[in-house]
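Using the sequences and the hints given, assemble the complete structure.
Going line by line, the protein sequences match chains A and B.
At position 93 of the first sequence the residue is numbered 93 (the numbering used here), and the sequence of numbers has no breaks.
At position 307 of the second sequence the residue is numbered 307 (the numbering used here), and the sequence of numbers has no breaks.
Treat each hint with caution, since some may be false.
Away from chain B, derived, C-beta distances all over 12 Å, residues of chain A [stated by the list, open to error]:
#: 1; residue: Asp22
#: 2; residue: Glu36
#: 3; residue: Asp65
#: 4; residue: Gly79
Covered stretches of chain A, going by a simulated chain B footprint (3 or more residues, C-beta under 8 Å) [said to hold, decoys possible]:
#: 5; stretch: 4-10
#: 6; stretch: 53-62
Simulated coverage check for chain B against chain A, where a stretch passes if three residues somewhere in it have a Cβ under 8 Å from a Cβ of chain A [stated by the list, open to error]:
#: 7; stretch: 27-37
#: 8; stretch: 178-188
#: 9; stretch: 287-298
Since the hints were made in silico from the structure, they are not lab data.
Glycine included, each C-beta is placed from N, C-alpha and C at the ideal position.
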Amino acid sequence: MKITVRIPTAFRRFTGNADTLDCSVDTLPELLGQLEVRYPGLQPHLRDATGQVRPFLNIYVNEEDIRFLGGNNYRFHEGDEVTLVPSIAGGSPV
Amino acid sequence: MTEHYQLRCRECSRAWGNAPLASCEDCFSPLEVVYELDVVRRSFTPERIAQRPANIWRYAELLPVAPEDRSALPVGFTPLVESSRLGARLGSHSLYVKNDAVCFPTLSFKDRVVAVALAQARAFGFEVVACSSTGNLANAVAAQAVIHGLNAWIFVPADLEAAKVLGTTVYGARLVPIAGNYDHVNRLCAQIADRHRWGFVNVNLRPYYAEGSKTVGFEIAEQLGWRLPDNVVVPMAGGSLITKIHKAFAELAALGVVEPRPVKFFGAQASGCSPISTAVKQNQERIQPQKPVTIARSLAIGNPADGYYALRMIRSSGGWAEDASDPEIVAGIRTLAETEGIFTETAGGVTVATAQELFRQGRLRPDETTVLCITGNGLKTTDALAGEFAASPAIEPRLAAFEAYLGEVTVPVQGD
Chain A
1 MKITVRIPTA FRRFTGNADT LDCSVDTLPE LLGQLEVRYP GLQPHLRDAT
51 GQVRPFLNIY VNEEDIRFLG GNNYRFHEGD EVTLVPSIAG GSPV
Chain B
1 MTEHYQLRCR ECSRAWGNAP LASCEDCFSP LEVVYELDVV RRSFTPERIA
51 QRPANIWRYA ELLPVAPEDR SALPVGFTPL VESSRLGARL GSHSLYVKND
101 AVCFPTLSFK DRVVAVALAQ ARAFGFEVVA CSSTGNLANA VAAQAVIHGL
151 NAWIFVPADL EAAKVLGTTV YGARLVPIAG NYDHVNRLCA QIADRHRWGF
201 VNVNLRPYYA EGSKTVGFEI AEQLGWRLPD NVVVPMAGGS LITKIHKAFA
251 ELAALGVVEP RPVKFFGAQA SGCSPISTAV KQNQERIQPQ KPVTIARSLA
301 IGNPADGYYA LRMIRSSGGW AEDASDPEIV AGIRTLAETE GIFTETAGGV
351 TVATAQELFR QGRLRPDETT VLCITGNGLK TTDALAGEFA ASPAIEPRLA
401 AFEAYLGEVT VPVQGD
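Okay, here's the thing in structure tokens:
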């Protein structure tokens, strides 16, 4: 599925200043994997050593926290907009 | 750097000086204000503090604000009420209520955090201050922005209580209702803060803002005669207040102002929004977010910003967390009003109801000193009590009518 990822200012130093990215993925683990390959500097800020989403990173699909949509099991829809928001909350793994 | 305080990352410990930062720019974890306690120690003594005005600035050395940036508002120093009647009801021989229902100027503990946040907003040169809020913070920012000459933009869930909406707009603040719950509002504010150079009290000013909550802890200790209680029961929304009371006690002990002793921290949530208490009770390592459904809207944060730290701290203190249903919250409000003459909002009902349950479970013990933190005023959430009290029909303005009325009614006997 083609989705758009919104990159917060804090992360743009790892993305060559790109504020949005287009990706073609089906799930969150696939998305994170793709981001980590394209932008290795982002890796430690996305997932911790155990592969879980970092506690202080929140991920939204359109307006909803992805944890309410099934987390890792959520399958993206064409045109979904994914927003990464660091450190507004001490979240939990998806 | 001339200040004796600065920001430090809670995870990687990198120091950042003083700046409006939402998180550590290295690892994107939350920031905390740390102090040079050797500098603080020179003047932070009970004797000196006793001579200072009765407001939060009496603890200035442990607040991250330069003297010239403070407002003159007498914020804080609310009563610590010895509550023997409530104690008798709950089963405690040594119970106190920290009554922030009468905090100046907007009747909630949020006045404390905002006093610190707006002083820093001024220091950083912001012209606009903003916040996401479940209501009390909105009121506090709107009122104190007037005093600092700042423009206030307030973002709230659209279904907020009418009194909290009115208590924001009356000060001339711009209120932006958002069609969503607090967590939606908070996420939007993080994005707005990322784009506009505004001082968001609970985003890029959050590390400073949160320090204001410590004054609840300083006051409890001072009002107990520079002594720490055995237990504290604290309502939890984002989970910040409970961690900051803990920090306050730890700082006082480190300075030698109080005798160090273990204090157990007990968190109180509404059952309809209980991500932190659920994690405590189910022994989870991380917080699972929830969709709030509760009358305690000031606590309706499903994705608590400091939940992770609150969870860890409660556990390590030997405390516990519980939650209260909507009917129990209403009963808690009534219990406090009927025993101590204090009318608290729904969050206070949560605290009283939770304390009652903790005494019942034996986690709070009768002979220990327990402090309940009442954080807001009941006049802001009167809709929670709608239908609780039947309206009496009017009687004629004649003595005979009153005598007849007396014969008809049974005067309720409340209390012990």
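For each hint given before, does the structure comply? Return the numbers of the non-compliant ones in rising order. As far as the earlier hints go, only 3 is violated by this structure.
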